[in-house]
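*Asks:* Chain by chain, the residues:
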Amino acid sequence: MTRSSTQSLHAMLQVAGWIGLGLIAVAVSLSDFLASAPADATGIGPLLAPPSTLLHFGSDILGRDMLSETLHGLSATVRSALPATLVTLVAGALFGFVAARLPRALALSLRGFIGILASLPALLLAVLVIGLSARGWAAVAAGLSAAPFAFVRAFERARLQERATHSEYARATGISGATLLRRDLVYEFSDTILSAAARALAAVSIVLSTVSFLGFGAVPPHRDLGLMIAASKLYFLHAWWTAAFPAAALTILILFARLAAGLDEGERA
Amino acid sequence: MSEARQIVEVSELGVASSGVSELDNLSFKLAAGEALIVLGDAASGKDALLRVLDGTTRRSDEMSGTIQYGDGPALPAAKRGKPGIRVVYLAGAADAPLNPYTSVASQLARVLARRHGSPRASALAELRIALERFPAAPAFAALSGKPGELDAMDLTWALLAAAMAQAPDLLIADHAFADLTPTSIRTIVAALMQEQKRLGFALIYAARGLKTAAHLKGRMIVLRQGRVVEEGTFDKLASGQSHAYTRTLFKALPRPAEAAPARSATRGEPLLQVQALDLRSPKDIRSAKDGGPRTRDGISFELRRGAALALIGEEGSGRRALVRALLGLERVAGGRVVLDQVDMGILSAAMTSRLRRRIAFITGADDALDPRMTLWDVVDEPLRAHLRLPREMVAGHRETALKRVGLASHDGRRAVATLSPFDKRRLQVARAIVSAPFLAVIDEPLRGLDAFAQSIMTELLEDFRRQEGPAFLVITADVGVAQVLAEDAMFFKDRKVVERGPLRDILRNPKDEETRKMIEASLPASL
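Protein chains in written order, with this note's numbering: chain A, 1 to 269; chain B, 270 to 796.
So that you can see chain A by itself, here it is in the shape it has in the complex (with noise of 0.2 Å):
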């Protein structure tokens, strides 16, 4: 396959990860209408019922409608994925690229002990400042997991930038650290936030739902995701669909994510 043939079928996968995640924004914003029973309402059908024609996911142990509940559990984990991805995109990309431009001692500081926070996994990371704040703050403690990855990826490249000849010949003739730091925000930072934020959402949604479902992230009756497929636990190997149906979700939003953000796994979780 030749370079070209490589590139443009990158970028059909990358527009095809868009339509998708678009498919998923108009489901989560329509998800009341789209479900047939409000969020956590039980008894709409017989307990755990396979898929049929009037549950077409099945039930759960509580009769409650597993279309309807993955509906509502995929619309909860991407409210809570989407302040996550700004924290990451705000304390991860541009803070690296700040950080790049600041002096040399202290961008080089702040990017070893980044460094050393990125080399920890995310999960660990989400669970300490949950535990370190209270449990309304995953969002913000999944947005923080990912937010290293992020910063190590955006220093490096302004790193590289600010080593190109470009920006010597800049300095040369008087161009200040921060008229080239907007040269980073303005060029570096807006032609890869969409690619950046795609890989943060697919890093946030898989820490929000694993604290999610270890216990430390959503709480009853506002189920996401992760929650679900923790709920799942107990009958799941006789009702494969209690898990299934929200496991695909979570799988097909990551899936998504990543095509979107053009196949790179970046800012892993």
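Any given hint might turn out to be false.
Below, a sample of chain A positions facing chain B; criterion: calculated Cβ distance under 10 Å [said to hold, decoys possible]:
#1 E168
#2 G177
#3 T179
#4 E188
#5 D191
To be clear, the hints were calculated from the coordinates, so they are not data collected in a lab. Note that CB positions come from ideal geometry on N, CA and C, so glycine has one too.
Since chain A is already given, all that's left is putting chain B on it; use the hints.
*Replies:* Relative to chain A, chain B alone:
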């Protein structure tokens, strides 16, 4: 005496790519030992000719006419198979298709081994023998470096040696020496011509400018928009051109000046005063006993407002090191630099940066401008960052500057990365115009441009100096360029100034042997 063997005959060759004609009705014959220079810009059709001759045509190319190689039959250009002669392609150092992560020797040996069907060890030996035939070439051990570790001249020697080791019948050189300095071009062309005598190959040299052609002195065809507009020997065309396009191309060729320069650096208020500048870094001194030998002994000179001084020398001769030291971009062991009546040595970093706002750079380096920026932003940035002008005023200054350099019709939102080298160069001039500098550092401004673009670029720089009146500090290896842009010169060799003074006097009577060689290489006596 028998007639030389015919190597290639091209008859009525036409090339159209995706329906657009690139080359039309071109015919020529070339015998062994002959050289043909194909001169033209990027859209002249010479690239299409080269594609056909070296067998790298595209699927979209439609060809007409015939090509006859050696004693073989004349075959339609569209249907020809493998030529019955050895055709070898020689690229320039900057365009050579080399892997940046592997040593030059191993890559070239691989090409030779494939070509000859011989083992790698034997190919390496052939490459070594071919390289050692050139007395001025680097040692074979230098080729163990990766392409980025060799300078342009050493890489060109390596590529030439690999080409010669293939014993070509027809050598196609594609701007192979365009990025070299005049002295290097002269040396390498002499070596090439010696090899041509020994091996008897025919040479086709595709040229954008005339610097290499002036030394090759072969038959020349001038192509414009796919058609031959003029042909003849180099000397014939140099003495008089019948076509306006050829006249423009030859106008860019440096010739010994006839008129005295209008200004002299000895008058006016001093802008830049350099006293005993020792270019060694503090680290150099610490690492050497007793401060080490003072090989770069203090350089002193003065540049007056509006004057122009050329720093002439080969790569690594110390010209750029001097400019970097002047601008405070590199710490040096000693000396004093006074710019605009201010001692740069006592200024803080912020104040130095403020002073540098009145300095402009125009350079032949294609990465001098941020590739991410848009055309408009490049011009706007100094106005916004230094003067904080309102948007309407910025737009007005930008418009005027872009008009002056001929870029006003370009889409202002285009990224610099998508511009041609000539457009990037003009954009640097536009940025310099709006900066209203008192000093412009002009570093090899014509490097890599075709003759037509060189001619326009020279006019733009002259106009810039005439209208804005900055002092020029011209860094170049080409005395011809220096002659057009500066009145005074300092010649550098091994990081020392070997000769200085009014350029016109030095051109008439060079005192240093190296200076004389550089002048001869830049301004061939035949011109």
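*Asks:* State for each hint whether it applies.
*Replies:* Against the structure, the hints:
no.	hint	verdict
1	E168	holds (7 Å)
2	G177	holds (9 Å)
3	T179	holds (4 Å)
4	E188	holds (7 Å)
5	D191	holds (7 Å)
In this structure, every one of the numbered hints holds.
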